[in-house]
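Enquirer: Given only the sequences and the hints, what does the whole structure look like? Please build it.
Sequential numbering from 1 applies to the sequence shown in UniProt numbering.
No lab work stands behind these hints, which were simulated from the structure alone.
Treat the hints with caution; some may be incorrect.
Straight-line alpha carbon distances no greater than 25 Å define the calculated DMTMM-like cross-link-like pairs of lysine to aspartate or glutamate that follow [said to hold, decoys possible]:
| id | residue 1 | residue 2 |
| --- | --- | --- |
| 1 | 155 | 194 |
| 2 | 206 | 194 |
| 3 | 186 | 172 |
| 4 | 186 | 201 |
| 5 | 155 | 176 |
| 6 | 228 | 205 |
| 7 | 155 | 201 |
| 8 | 155 | 182 |
| 9 | 178 | 191 |
| 10 | 78 | 16 |
| 11 | 195 | 172 |
| 12 | 195 | 205 |
| 13 | 208 | 182 |
| 14 | 143 | 131 |
| 15 | 155 | 132 |
| 16 | 195 | 176 |
| 17 | 175 | 131 |
| 18 | 206 | 174 |
| 19 | 195 | 132 |
| 20 | 175 | 201 |
| 21 | 208 | 168 |
| 22 | 155 | 181 |
| 23 | 166 | 176 |
| 24 | 155 | 168 |
| 25 | 186 | 205 |
| 26 | 195 | 174 |
| 27 | 195 | 181 |
| 28 | 151 | 227 |
| 29 | 166 | 182 |
| 30 | 166 | 135 |
| 31 | 208 | 174 |
| 32 | 151 | 131 |
| 33 | 151 | 132 |
| 34 | 151 | 135 |
| 35 | 206 | 182 |
| 36 | 178 | 194 |
| 37 | 206 | 227 |
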Amino acid sequence: LEDPRNGLGVAEATKDSIKKAGRTILYSGSSILIGFSALGLANFSVYRSAAGVAVGVLVLLIVLLTLNPFFMATLGKKMFWPSKEFAGENPSKMWHGISSATLKRPVVFLAAVAVVVAPFFVTYSNVLNYDDTAEISDSVPSKQGLNLVQKHFSKGMAMPSYLYIKSDHTLDNEKDLKLIDELTRKLRNSEGVDKVMSATEPYNEKIKLLYVKKQLKSVTDGTAKLEKGVGKLTKGSEQVTSGAK
Numbered sequence: 001l002e003d004p005r006n007g008l009g010v011a012e013a014t015k016d017s018i019k020k021a022g023r024t025i026l027y028s029g030s031s032i033l034i035g036f037s038a039l040g041l042a043n044f045s046v047y048r049s050a051a052g053v054a055v056g057v058l059v060l061l062i063v064l065l066t067l068n069p070f071f072m073a074t075l076g077k078k079m080f081w082p083s084k085e086f087a088g089e090n091p092s093k094m095w096h097g098i099s100s101a102t103l104k105r106p107v108v109f110l111a112a113v114a115v116v117v118a119p120f121f122v123t124y125s126n127v128l129n130y131d132d133t134a135e136i137s138d139s140v141p142s143k144q145g146l147n148l149v150q151k152h153f154s155k156g157m158a159m160p161s162y163l164y165i166k167s168d169h170t171l172d173n174e175k176d177l178k179l180i181d182e183l184t185r186k187l188r189n190s191e192g193v194d195k196v197m198s199a200t201e202p203y204n205e206k207i208k209l210l211y212v213k214k215q216l217k218s219v220t221d222g223t224a225k226l227e228k229g230v231g232k233l234t235k236g237s238e239q240v241t242s243g244a245k
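Expert: So this is what it looks like as structure tokens:
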């Protein structure tokens with residue numbers, strides 16, 4: 001790695017490269033780092049998981065600004081082995097002209113960009129949607145099958161949403177099952193919710209035998225039948241006694 005045109009050796013060429021390109025790498029990499037780090041503040045878990053990319057970007061920046069210059073200064077031209085051609089790309093006249101004109105008349109170009117973007121900004125009416133299938137064409141067989149399921153059943157049957165309850169103890173007791181039952185009713189009354197299946201209502205219907213009201217009714221009915229049976233037994237005994245006399 002040398003720059004014979006400027007009379008620079010390996011070390012000097014490395015310093016010159018870092019001086020010129022290092023700032024660009026730092027600024028562009030920092031913008032990406034900030035962008036992905038900000039995703040960690042999102043409430044949607046899919047977007048929040050992308051914040052891990054920021055770690056990779058940070059490591060890449062450190063490598064580019066420290067380890068890469070070390071190898072550049074140590075290996076020199078051998079760093080590009082087996083390539084032996086080091087001629088740079090020819091400058092583009094078009095982009096050079098645009099960049100020069102932009103620097104000379106920034107207000108004019110900003111106004112031009114605003115004029116071009118304004119119609120799209122005004123007519124933009126996209127609604128926030130987490131339905132990933134909306135991006136798939138209806139001609140795809142899997143999408144057609146999904147649409148068929150949604151036509152005959154609720155959308156949640158094909159793509160249900162799950163709510164997990166984290167606890168440090170088992171929930172198979174009267175107190176916790178009561179809380180789950182209350183949560184189930186509240187979720188069902190929420191807007192946009194069609195069905196809710198839980199431990200107390202696995203088929204979106206109450207298991208009546210689990211409720212005290214139903215159990216009391218069963219006990220009351222059983223007691224009434226018992227009393228009726230006892231009455232018949234008493235009457236039968238009296239008849240037997242009368243017949244014996």
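Enquirer: Taking the hints in turn, state whether each one holds.
Expert: Do the hints match the structure? See the list:
no., hint, in the structure
1, 155 / 194, "holds (9 Å)"
2, 206 / 194, "holds (15 Å)"
3, 186 / 172, "holds (20 Å)"
4, 186 / 201, "holds (13 Å)"
5, 155 / 176, "violated (29 Å)"
6, 228 / 205, "violated (34 Å)"
7, 155 / 201, "holds (19 Å)"
8, 155 / 182, "holds (24 Å)"
9, 178 / 191, "holds (23 Å)"
10, 78 / 16, "holds (18 Å)"
11, 195 / 172, "holds (22 Å)"
12, 195 / 205, "holds (9 Å)"
13, 208 / 182, "holds (15 Å)"
14, 143 / 131, "holds (12 Å)"
15, 155 / 132, "holds (13 Å)"
16, 195 / 176, "holds (21 Å)"
17, 175 / 131, "violated (36 Å)"
18, 206 / 174, "holds (15 Å)"
19, 195 / 132, "holds (21 Å)"
20, 175 / 201, "holds (16 Å)"
21, 208 / 168, "violated (29 Å)"
22, 155 / 181, "holds (23 Å)"
23, 166 / 176, "holds (12 Å)"
24, 155 / 168, "violated (33 Å)"
25, 186 / 205, "holds (14 Å)"
26, 195 / 174, "holds (23 Å)"
27, 195 / 181, "holds (14 Å)"
28, 151 / 227, "violated (54 Å)"
29, 166 / 182, "holds (16 Å)"
30, 166 / 135, "violated (33 Å)"
31, 208 / 174, "holds (15 Å)"
32, 151 / 131, "holds (16 Å)"
33, 151 / 132, "holds (18 Å)"
34, 151 / 135, "holds (19 Å)"
35, 206 / 182, "holds (12 Å)"
36, 178 / 194, "holds (21 Å)"
37, 206 / 227, "violated (30 Å)"
The earlier numbered hints that this structure contradicts are 5, 6, 17, 21, 24, 28, 30 and 37.
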